[in-house]
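K.L.:
Quick note on this note's numbering: the sequence shown kicks off at 1 and runs consecutively.
Simulated from the structure, these hints should not be mistaken for laboratory data. Where is the CB? At the ideal position from N, CA and C, for every residue including glycine. A couple of the hints might just be wrong.
Unchecked claim - Derived pair list, reagent style DSS-like, types lysine-lysine, alpha-carbon separation capped at 25 Å:
no. : residue 1 : residue 2
1   : Lys112    : Lys138
2   : Lys109    : Lys66
3   : Lys66     : Lys151
4   : Lys13     : Lys66
5   : Lys13     : Lys151
Unchecked claim - Derived CB-CB ranges, DEER-like:
no. : residue 1 : residue 2 : range
6   : Thr123    : His33     : 47 to 55 Å
7   : His33     : Arg116    : 40 to 48 Å
8   : Leu41     : Asp68     : 15 to 23 Å
9   : Asp23     : Thr181    : 18 to 26 Å
10  : Asp24     : Leu125    : 36 to 44 Å
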Amino acid sequence: MIAYAITAALHSKHISRVIVATDDQTIADIALHYGAEVPYLLPDHLVQDHTRLEDTFAHMTQWLLKEDPSISHICFVDPTRPVRPLSFLDEALEAMLEGAYDSVISGVKEHKSVWRESDGVLTRLDSGFTVRQLKKDKIYICYSGLITCTKAEFMAEGQRLGPNVHIHEFDDLNMTIDIHTKDELRLAELILDEWNDRYVTPSI
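Please model the entire structure based on the sequences and the hints provided.
P.N.:
Here is the structure:
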């Protein structure tokens, strides 16, 4: 799973360094094998069950900026989401840069009705379909692990996203696979085996 994330990032023409954050030496060794950097192992306080990803982002970004103050953006690519077309990262990053956004995050436009329950009361969030409107409001479900990229100044402060965000839309639902169970792992393997020319495939 780590190899898929590393390979996707290494193939991006906009990403200059690929760094894996981990506290595990075995994972570090695998990351190094596939071409990533592992400058240090994470301290214990950043690998607890209650640790926020934003705290890890901030720790790594602060370290990077001390080493290289010219770094402008930090991208997060989650290894639990291995199904990505090879061009996906660059398309998202180019949309962010061309639009001068603070951040980009990937998402799927939701066409179904969307409801929220609060204190036992259901409220519809989308506008629904009307003859006058002929279309619904745009509502997105975001998948930050496929790519989240933000200006380094925000990441260093523990903010995953800046105030001006672009959602990079995709419609390939295979890409929404998020591996946390054996069933999800098997499903991802089936997708990647079936369409190994469509998605990122690392060399062994």
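K.L.:
Now tell me, hint by hint, if it's right for this structure.
P.N.:
Going down the list of hints, with the structure as the test:
1. Restraint check for lysine 112 and lysine 138: satisfied, since their Cα atoms lie roughly 11 Å apart, inside the 25 Å limit.
2. For a cut-off of 25 Å, the pair hint linking lysine 109 to lysine 66 is broken: about 38 Å separates their Cα positions.
3. Using a Cα cut-off of 25 Å, the hinted pair lysine 66 and lysine 151 holds, with the two alpha carbons roughly 15 Å apart.
4. A distance of roughly 24 Å separates the Cα atoms of lysine 13 and lysine 66; the hinted pair therefore holds under the 25 Å criterion.
5. Between lysine 13 and lysine 151 the alpha-carbon distance is near 17 Å, which keeps this suggested pair within the 25 Å criterion.
6. The hinted window of 47 to 55 Å between threonine 123 and histidine 33 holds, with their beta carbons roughly 50 Å apart.
7. Taken as a hint, the range 40 to 48 Å holds for the pair histidine 33 and arginine 116, whose Cβ atoms sit roughly 45 Å apart.
8. Between leucine 41 and aspartate 68 the CB atoms are about 20 Å apart, so this pair conforms to the stated range of 15 to 23 Å.
9. Aspartate 23 and threonine 181 have their C-beta atoms about 23 Å apart, which keeps the hinted 18 to 26 Å range intact.
10. Checked against the hint of 36 to 44 Å, the pair aspartate 24 and leucine 125 passes, with Cβ atoms roughly 40 Å apart.
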